[in-house]
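Asks: Chains A and B, in that order, are what the protein sequence lines are.
Terminal number for the first sequence in the working numbering: 257, no gaps in between.
Terminal number for the second sequence in the working numbering: 1311, no gaps in between.
In short, the hints are calculated from the structure, not lab data.
The structure displayed is predicted, hence computed values, not measured ones.
Just so you know, not all the hints are guaranteed correct.
[Unchecked claim] The list that follows gives simulated cross-link-like pairs (lysine-lysine, DSS-like), each with its CA atoms no further than 30 Å apart:
| no. | chain 1 | residue 1 | chain 2 | residue 2 |
| --- | --- | --- | --- | --- |
| 1 | B | Lys1177 | A | Lys69 |
| 2 | B | Lys1020 | A | Lys69 |
| 3 | A | Lys69 | B | Lys1279 |
| 4 | B | Lys1094 | B | Lys1177 |
[As the list claims (entries may be wrong)] Taking beta-carbon pairs under 10 Å as the criterion, some of the chain A residues facing chain B (in silico):
| no. | residue |
| --- | --- |
| 5 | Glu8 |
| 6 | Arg72 |
| 7 | Thr73 |
| 8 | Arg109 |
| 9 | Phe234 |
Heads up, the beta-carbon is just placed ideally off N, CA and C, and yes, glycines get one too.
Listed below are the residues making up each chain.
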Amino acid sequence: MTPALAIENVSVELGGRLVLTGTDLAVDRGELVGLIGPNGAGKTTLLRTILGLLTPSTGRVLVEGRTSKPGRTPIGYVPQRHEFAWEFPISVANVVMTGLTGRLGMFRRPGVAQWEAVADALERVRMTDLADRPVGQLSGGQRQRVLVARALAAQPAVLLLDEPFTGLDMPTQELLSALFADLACEGRAVLMTTHDLLSALDGCDRIALLNRRIIDTGTPAQLAADPALWMATFGVGADSALLRILAATSPERRVTA
Amino acid sequence: MNPIDFLTDLLNPDLAFLPKALAVAVMSSIVCGVVGTFVVLRGMAFIGDAVAHAVFPGLAVAFVVGGNLVIGGTIAGILTAVLVAVFSQNRRLKEDSIIGVFFVAAFALGIVVISQAPGYAGSLQQFLFGSITGIPDSDLYVVGGTGVLVLAVISALHKEFVTISLDRESARAMGVKVFWLDLVLYVLVTLAVVISVQTIGNILVLALLITPAATARLLTDRLGIMMLLAPIIGGVSALVGLYISWSWDFPTGGTIVLVLTAAFLLAWFFAPRQGLIAKSWRRRRHDRAADAAPPAAEPEPDLVPVNTGAL
């Protein structure tokens, strides 16, 4: 079966600099995959390539077996929260409706079917009660859910989340993690970049370690048990706090150590 | 002068320029109010200023060769907008620097061009500060037609403009043509500026674009209401401004801008929810309640709701 999202041998050049080389990654429907790597590892570049906003110099990105193209591919994109103009005077439901702008096409106005899709997306993230609230009045966790609902409105097969946990407290992160896991279970392929190792190790089905290329992928338990991978990905020494935290999360290592 | 006299003057055939000036001022205020909504919400005030200055060489050329001012100004404004859009692709310079380079250059070019016309000092002043006399009948139709066109385009592309204003990267990912929509918005700003320049002048036209929309933003959290309020505030201010300037023989452009500014300040102090007065009143009431009752961690109703964890 072809995976919902397949990244095959992708290299990307930005301003004459090779940011990604020979990157391979596949995400199946039903999977929540965490993309982890240091700043400058190419996480955002990889997301932009998947969206079709950057053209790889080698390799290709396939979404449901077809080359990714902006507006033609069923991908839902959830940007970092600070990318969005929260001071814009607009209600939650109308923001979610903008997720259908590309799908609707020029000069067409939303009809009953579109408003139903918006209502479904809001229901999915449990924001129905706040549908008429101006977005500027929402808390951080609610804002993140609005962005997820906007991405869900077009019913994408693949969902990309860029740093969804940044600046959120632990209970809010847990609720979002549970939501993302549910969204994957319903048959979407979910790929999430994050700096939050604990949430990723706890909530993701698989983790991909990225630094210019995919260092390794595996279940959280597999990867947490191998400090060498993390030293290679983050360029840290054996005495790094990162490895101590990993060790604390990994039952296998505690047994062997 | 009381309003009845103003009305009589408006209907006086010897003062035919007065109703024409009123019509042009109100129409351009309405168009600027609607376009200005996006300018204010996207933080494009500087681009608006740039376009306002950039139309000047076009007006100057049209004036020198005896062509149509609206067409001349539009061409110059669009040309500058395109130059800014293209030169902004160079990542070493931010867009505001590019704008800074080109709009002053355009304005300088306008000054050089208009100096070639004999007796240019008078017309220069007219361009810079506006004038209510000498508006030809044809301009009424040009301003009206252009205004209708601008409003039609804004309405047709409303959902796209909202989408790219919220978050450009996601809009691009959806296949929305962000670059072209930006360009269309610049052109609309240019057209709104050009039709307003005659009455209010090149330097003050920015107020027509920014102040009504900014005032409306203070009064509402709804885009639809803001796009309705801004043209109303602009149109009424133009009417009141023209009346005051006619009564006391003040310069029209300056008077309209001062009326707009007064409306803005009124909204700043008296807006029902966000205004300074309403806020301090709420705070007083809150303090009094806190004095009467034991201190409770009750948030103000207007504060950002905390995420209670009910996902």
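Asks: Indicate, hint by hint, whether the structure satisfies it.
Replies: Right, here's what the structure says about each hint:
Restraint check for B/Lys1177 and A/Lys69: satisfied, since their Cα atoms lie roughly 13 Å apart, inside the 30 Å limit. Distance restraint check for B/Lys1020 and A/Lys69: the Cα-Cα separation of roughly 52 Å exceeds the 30 Å cut-off, and the hinted pair is therefore not satisfied. At roughly 49 Å between alpha-carbon atoms, A/Lys69 and B/Lys1279 are farther apart than 30 Å, so this suggested pair is violated. The straight-line distance between the Cα atoms of B/Lys1094 and B/Lys1177 is roughly 21 Å, inside the 30 Å bound, and the hint therefore holds.
Of the supplied interface hints, the one on A/Glu8 is violated, with its beta-carbon coming no nearer than about 20 Å to a beta-carbon of chain B, more than 10 Å. The beta carbon of A/Arg72 is positioned within 10 Å of a beta carbon in chain B (closest approach about 7 Å), and the interface hint is therefore held. Checking A/Thr73 against chain B by beta carbon gives a least distance of about 9 Å; that is within 10 Å, so the hint holds. For A/Arg109, the shortest C-beta to C-beta distance to chain B is roughly 7 Å, which falls under 10 Å, so the interface hint holds.
Because the closest C-beta pair between A/Phe234 and chain B is about 26 Å apart, greater than 10 Å, the hint is violated.
In this structure, the hints that do not hold are numbers 2, 3, 5, 9, in rising order.
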